[in-house]
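Listed below, chain by chain, are the residues.
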Amino acid sequence: MAEHKHPNYMAIFYYLAILTAVELGVIFLPISKFVIAVLLCVFAVWKAALVAMYFMHLKIETRTLGLIAVTPLVIATLLVFVLLPDGFAVAKKTSDDKKVAAPAAAKH
Amino acid sequence: MTAATAHGAAAIEPAESPLTPESWGKLGMWIFLAGDAVGFGTLLAGYGAMRATSADWPNPYEVLGINLTAAMTFLLICSSVTMVKALEWLSRGDRNRAKMFLLLTAIGGALFVSLQAYEWTHLIHRGLHINGNPWGASLFGTSFFLVTGFHGLHVTAGVIYLLATIGVVSRRPRPMDSYNFVEITGLYWHFVDLVWIMVFTFMYLL
Chain A
1 MAEHKHPNYM AIFYYLAILT AVELGVIFLP ISKFVIAVLL CVFAVWKAAL
51 VAMYFMHLKI ETRTLGLIAV TPLVIATLLV FVLLPDGFAV AKKTSDDKKV
101 AAPAAAKH
Chain B
1 MTAATAHGAA AIEPAESPLT PESWGKLGMW IFLAGDAVGF GTLLAGYGAM
51 RATSADWPNP YEVLGINLTA AMTFLLICSS VTMVKALEWL SRGDRNRAKM
101 FLLLTAIGGA LFVSLQAYEW THLIHRGLHI NGNPWGASLF GTSFFLVTGF
151 HGLHVTAGVI YLLATIGVVS RRPRPMDSYN FVEITGLYWH FVDLVWIMVF
201 TFMYLL
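In order, the protein sequence lines correspond to chains A and B.
Okay, so the first sequence: first residue is 1 according to the numbering used here, each after it adds one.
Okay, so the second sequence: first residue is 1 according to the numbering used here, each after it adds one.
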């Protein structure tokens, strides 16, 4: 209990700073928007994992705490797919309304 | 119950493995953070779904400008480092250095919220409102203020929490008495940093 091991915090700090700089650089790369989006997601998860593992000590905690930490991530990811159909339905309705409104407006 | 009897009880029931051997407080904070993460996850998932299905979503990094926000991100990462440094000094028994680093962390947080207030003022003057904006989908403003506001609220609460933690470190007789308390405060603070990493990527860069 008295002996608390501390990881090399400064190394993690440089790691995070470099990853942030790389993230900012990636936006201006002359590659497709989709690849940029995937890269940015990868870097975000990478940085978040570094913070959780070393600053929040998850690496040296019990497995159960790790499971508690991962659960919301899974829920949020699933939620995107749960919400997408709703979004598409609204988008479709909006464009349908426009199609109906357009001929009506033309008559005047 | 004293530590000795707690240790004895654990020795009698080896089959019962505690979730976190050091404190229930830590487990409590993790469960709270998991709940909070679902809150942020919901907001970000909703943002993603609205944006994916919108035809005229503005390009965030052109509208919002990322220079200031990148600096804010860096500031929050720095404040996470001062937080772990406080914990490190506390474990070495140096209470004053630990308190100084806790104060630095609180100042970093306060500075972050101030910069956010500046950013909001600037964006509102340029026409970004909660119910509309000159660049496209009105939900852009709604989601922007909701998510960054919710996060700013967390940072504000974190600054108050940090100042209270300095008080606890001062009051307890020995430096190690408050080690656990400071570690739990740190969990909250790093979580706020972690959420900002996500918000920065999804709402500013993408």
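One thing to keep in mind: the hints can contain errors.
Listed next, the stretches of chain A that the computed footprint assigns to chain B, with coverage defined by at least 3 CB atoms under 8 angstroms from CB atoms of chain B [to be verified]: (1) 32-41; (2) 52-58; (3) 70-79; (4) 85-95.
No wet-lab data here; the hints were simulated from the structure.
All C-beta atoms in this analysis are idealised placements derived from N, C-alpha and C, irrespective of residue type, glycine included.
task = Tell me, in ascending order, the numbers of any earlier hints that this structure violates.
result = none
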